[in-house]
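Protein chains in written order, with this note's numbering: chain A, 1 to 238; chain B, 239 to 543; chain C, 544 to 917; chain D, 918 to 1324.
Some hints here could point you the wrong way.
Here are the computed lysine to aspartate or glutamate pairs in the DMTMM-like style, where the Cα-Cα straight-line distance is at most 25 Å [said to hold, decoys possible]: (1) D:Lys978 <-> B:Asp434; (2) C:Lys569 <-> C:Glu653; (3) C:Lys884 <-> C:Glu653; (4) D:Lys1142 <-> C:Glu674; (5) C:Lys834 <-> C:Glu802; (6) D:Lys924 <-> A:Asp70; (7) B:Lys333 <-> A:Asp70; (8) B:Lys409 <-> A:Glu75; (9) B:Lys409 <-> A:Asp111; (10) C:Lys781 <-> B:Glu372.
A short list of chain C residues far from chain D (calculated; beta carbon distances all over 12 Å) [claimed, not checked]: (11) Phe607; (12) Lys705; (13) Gly732; (14) Lys734; (15) Lys866; (16) Ala906.
Derived by calculation from the structure, the hints in this document are not laboratory data.
For each residue, glycine too, the CB sits at the ideal point set by N, CA and C.
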Amino acid sequence: MAAILELEGVCAHYGRIQALRDVSLHVGEGEIVTIIGANGAGKSTTLMTICGIVRASKGDVRYQGASILDKRADELPALGLCQVPEGRRIFPRLTVQENLDMGAFLRRDADGIAADLGMVFRLFPVLFERRKQHGGTLSGGEQQMLAIARAFMGRPKMLLLDEPSLGLSPMISQHIFRIIRNVNEESGVTILLVEQNANMALKLADRAYVMETGAVVLEDTAAALRENADIKKAYLGQ
Amino acid sequence: MDYLFQQLINGLTLGGVYALVALGYTMVYGIISLINFAHGEIFAAGGYLGVILLSYMASQGVMDNHPWFGLAFALILAMGYCAMLAMAVEKVAYKPLRSSSRLSVLLSALGMSIFLQNGLMLTQGVYDKAYPTEFTHGGFEWLGVRVSFMQIGILAVTGLLLVLLNALVFKTRIGKAMRATSQDKVMSALVGIHSDKVISTTFAIGAALAAAAGIMVGLYYGSVRYDMGFVPGIKAFAAAVLGGIGNITGAMIGGLIIGMVEILAAAYIPHGGEYKDVFAFVILIGVLYFMPTGIMGENVDDTRV
Amino acid sequence: MKARSIILALVALCLTAGTASAATLKIGSLSPLTGSYAADGNDIANGTRAAIAAIEKDGGIPGFDKIELFAEDSACDPRQAVAAANKLVNEKVVGVVGAYCSSATIPASEALAEADIPMLTPASTSEKVTERGLPYMFRVCGRDDDQSIAAMKFIKDVLGAKTIFIVDDKTTYSQGLADNVEKLAAKEGLKVIAHDHVNQGDKDFSAVLTKIKDAKPDVLYMSLQNSASGALMLIQAKRTGVTAAIIGQDAVYHPQLMEIAKDAAEGMYLTFGYIDESTPSYKKFMAAYEKFGKPGAYSAYAYDAAYSLLSAIKATKSTDPAKIKAELIKTEMQGASKKIKFQANGESGSNYIIRVVKDGQFANFWDPQTGKKY
Amino acid sequence: MTRGSRKSWQYFGLGLAWFYLLLWPLLGIRDGALHFAETTAVWLRVALGATLCFALYRLGKAGRLDAALKPLAAARDAVGNTLARAPRWMLLLPLAVFALSYPVLTNRYAQDVAINVLVYICLGLGLNVVVGLCGLLDLGYIAFYGVGAYTYALLSIHYSLPFWVCLPICAALAAIAGCLIGYPTLRMRGDYLAIVTLGFGEIVRIVINNWMALTGGPNGLLGIKSPGIYLPQLVDGSFSFEYLVIRKLEYLYYIILALAVFTIIAVYRINFSRIGRAFEAIREDETAAELMGVDTFRFKLLAYALGAVFGGLAGAFFAARMRFVSPESFTFIESAMVLAMVVLGGMGSIPGVILGALALVALPEMFRGFELYRMLAFGGAMAFMMLVRPAGLWPAARLGKRSDDTE
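Turn these sequences into a full structure, and let the hints steer you where they fit.
See below:
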């Protein structure tokens, strides 16, 4: 399986504080890979570094075989690399419909956009009902759905998801995870998922990385990690 | 009665001028939360470009044969010039400070304002420049109310630009990108919006509007001066805030209210002429006291833009 | 050209700093070179320069190789004016021409008085300038009260007006003048319909002009500080349909009044110091001023101020302020603007006449002394 | 030449071309003809200067100038370290000696500029309480300066009250004005507060300009007395006091120096007091501060009143020093200048504000040699300094970002 995304020895800093130490990981085409870890372990920073919002001070990030380090954040969606960032970041004063349009900002194929719009409205019927409301007026779960739907609208080859279950009820979380799985299976979208809810993440993912204090400490298939005694104790609460 | 109507027309015209300048303020503020002090100077530069071009064309005989063509040509060139000027100012003085505190940018803007004003003074001289006003003198009288074509022109252009601008912001791709950028710069980058370009475009559009306002003012009042941008700049800023800063229709309404209050205060209140700015600011403070986000402003979490 | 002049200025600065020997006579000028009144301020600096050029052309001042001007920016701001005045004190200038705004002249003159430096104002018409008992304060232009008397006489005798509407723009000068006119009008039995004010820097006068149109006064007395504002008011008055006779004063007297207002300025009356354009002094002034363009309202006054100061130095062969003062009071001089004879209180008298805008030019119209038209 | 540097040179060239396009219409179209020579001449000079600066900047960035810059940097660090290690009195003592002996060493003009600097230090530090400590953007601060100045002027003219008696009265009235203005406005946040304070500043100025009976309107007020002091004297063996009216600049300098020192100490004490911590809490996060039990409204009002006090003191001195007040001294641009001093120096930092005042008062004076180009150079310098040091010349040690600033 060819790696669609590779990180090699990536370091990143916030001012003087080092947030990532030598992070190396790879994601194969069509895989679901998850990064689990505690608060402040550097999971979100990893995603932000991939997208060029945080600049890597060392190492390399390769996407589809080419380095994307010197690309600006806004050049990546065109390459099929989309992110659902932490905290959803819905545009609060854009309507639901406009939020979705923004997801397809770089696309010019009106027909394709219309088709995808139909698709996300089928996946999330509640968004169809609220398509004229401002994004800021939605509930937390609806906003999360909107954030994911918006990312789908970019027709990504690879989707980076940051804590999609944060602050949501277990039922909604499960609904969202089901949809992520469906999209992965049906459209072959590669997914890199960052989650605190290790339990659910490991059930969904093929492979997983465990991060602690800015570094990757463990890497294995999700199934194997679910059985790992340390992981069970530290992250799965068993 | 005709006295009242005459004063209302006067107020509408003055308000229209403020509104045109306020539009640029509000757009720039909306996108990078900057009180762009240099905006008033861009407005003055627009007025100067207008007089430079019109005088040149008059000397070449264009204005005698095709006055309307000449006017349109000057308007478009001046708008383009000011757009370029504003983009240069943005690149030089604001962009490097994008991640600094907002007050640093505010100060940089103030410095640019002083710089541009004096640059205009040095290149164009300290004396007022006279606009060719021959072809704007016309007007008509109706029920004792005198309306000049320029007054109608100002209101028409203001209205037209408002409609166009609203269409631009709400219907077009770049407009959506502007609104998205103003609400969340990181997220808009993540969906593929090049925020620097969008910000540049916003400055350019705001400046083009200011240039249009500068020419209208030059034609209506008959002259331009290098420091003409300062007072309307402050009034327009007040108008933008009154209407709810960041809101285009709000800027328009705010401009009209401030213009109207000034004129009516001068017309009806004893000593109103000298205290008219006081009335304008009192209205502003009063409105903000009861409607803290301005007339058209939306009530959003105020930790955001 | 501008950049060249910066470099030249810098070079000149270095050179003068290097060669500032006893052979250089230093005089200063104080006027707003930046800000809203920069136009008039530059006229004053240029008038002073013209006077220096004229004196130097006549052989200069014995004992001095050259005369150097320090043209300082007072910005019409009391603080900056005092700083500039102190700078001039530092440079040991022997006399100062300026300032423009009375609110800058008054505090600056106090600073100059402490160093006993004569100050000749070409433009500050407020009575307070000379009424504070400063020994070396002179005024070359006329006084507000004299000007208003001339205006009133004209309004009553020639125009035969019954009602008057007064507008001023709230500066020491313009309001002082307007207040005087209002008082005189009441005394003369005219009906003052209203005395309204506009603000500095206003462009839109439509509200007050609509009021005037409605009130239909015989005369509109327009007391503004700035000729450009005057032009804007004239344009708008014409557009609004104001039919009253319009009378202005010397601050509005500037060629740009007609440049901007064009035909709207036609027929406007102004009170202005009588300038006898046939005198040799006036011709000499015009020749020296030529390179600065058309003279403004205060160019000739500034020229006369500097000229009489330099002449006094020349005559007494001394830079001692007491001697200069004695000389200034002693002699009568035909200046470019008027006959100048300083009194002990520093006044030089005024000779206001009425001028009118005719065919895009200022023309003499009526002399209040003789009561005759020209 | 690396790819990055080639790219930056391309941008630089584009910038110069852009500049020509902007300059040409202003200089080149006149008198019914198109001219190119003048624009080109001006442009060439600017371009040459800019290219030189840019080349130096690039070389410095590429490390080519290290040979020259390294010893300099090392020397600077060494000096900085020694200074940091030296006890505070060793730094303050030479400064104090310099400040005290200044009038002896200098001439009138320098003293006059120094007095202006000290007045603006008082103003800047006062505004610093509001903007720097409490994080409230105030664009109408000069109003308090005006209140102080007119209070002393009126008391001195009509009641002949001596300067020293008036000083506390001026401060009190300014504080009351601060509360009056603050009460309706402080519920607003961010830039809404800015425009409303701007409005109040203008209202105060317009009222001063129009209330003829009280303030003399644009004529201003004349006949203000200079400050005086009682000097002990021994005459014929008996001890008496002689009243000495201070008119000379040197003595005025010492008075404003004393006021400035008082202001510095007072602001320093506020900065590190319980009140100061409350101010900072409000600046960093108003909502959180409120939740922590800080009565934000009361403290904001207090910040306003405290800031106004120093403005009032400076105003009273200004009136006494000029012996004349008029509305021209209290315009919006003055407010903006004081704000510029605070931001340029470094918000919340006392030495920063002092540096800022020094820079913004001294710069226009230094540029007097440029004559007409004075304010052009000043505006450019202001923007440039902000670009080079966005956090200010001497940033405060304790300063986070205001929550409003986050994206």
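So, going through the hints one by one against the coordinates:
Restraint check: the Cα-Cα separation between lysine 978 (chain D) and aspartate 434 (chain B) comes to about 24 Å, which is no more than 25 Å; the hinted pair holds. With a CA separation close to 20 Å, the supplied pair lysine 569 (chain C) and glutamate 653 (chain C) stays within the 25 Å bound. Of the supplied pair hints, the one linking lysine 884 (chain C) and glutamate 653 (chain C) holds, its CA atoms being roughly 24 Å apart against a limit of 25 Å. About 17 Å separates the Cα atoms of lysine 1142 (chain D) and glutamate 674 (chain C), which keeps this hinted pair within 25 Å; it holds.
Of the pairs offered as hints, the one joining lysine 834 (chain C) and glutamate 802 (chain C) holds, with about 19 Å between alpha carbons and a cut-off of 25 Å not exceeded. For the proposed pair lysine 924 (chain D) and aspartate 70 (chain A), the alpha carbon gap of about 14 Å is at most 25 Å, so the pair holds. For the proposed pair lysine 333 (chain B) and aspartate 70 (chain A), the alpha carbon gap of about 20 Å is at most 25 Å, so the pair holds. With a CA separation close to 24 Å, the supplied pair lysine 409 (chain B) and glutamate 75 (chain A) stays within the 25 Å bound.
In summary, the hint linking lysine 409 (chain B) to aspartate 111 (chain A) is supported, as the alpha carbons are separated by about 18 Å, within the 25 Å threshold. A hinted pair counts as satisfied when its Cα atoms are at most 25 Å apart, and lysine 781 (chain C) with glutamate 372 (chain B) qualifies at roughly 13 Å. With 12 Å as the threshold on Cβ separation, the claim that phenylalanine 607 (chain C) sits away from chain D holds: the shortest Cβ distance comes to roughly 23 Å. The beta carbon of lysine 705 (chain C) sits about 27 Å from the closest Cβ of chain D, which is more than 12 Å, so the claim that it is off the interface holds.
With a minimum CB-CB distance of about 25 Å to chain D, glycine 732 (chain C) clears the 12 Å threshold, and the non-interface call stands. Non-interface call for lysine 734 (chain C) relative to chain D: holds, since the shortest CB-CB distance, roughly 22 Å, exceeds 12 Å. Distance check on lysine 866 (chain C): its Cβ is at least 23 Å (rounded) from any Cβ of chain D, clearing the 12 Å threshold; non-interface status holds. Here alanine 906 (chain C) stays apart from chain D, with its beta-carbon at least about 27 Å from theirs, past the 12 Å limit.
Checked against the numbered hints listed earlier, the structure breaks none of them; every hint is satisfied.
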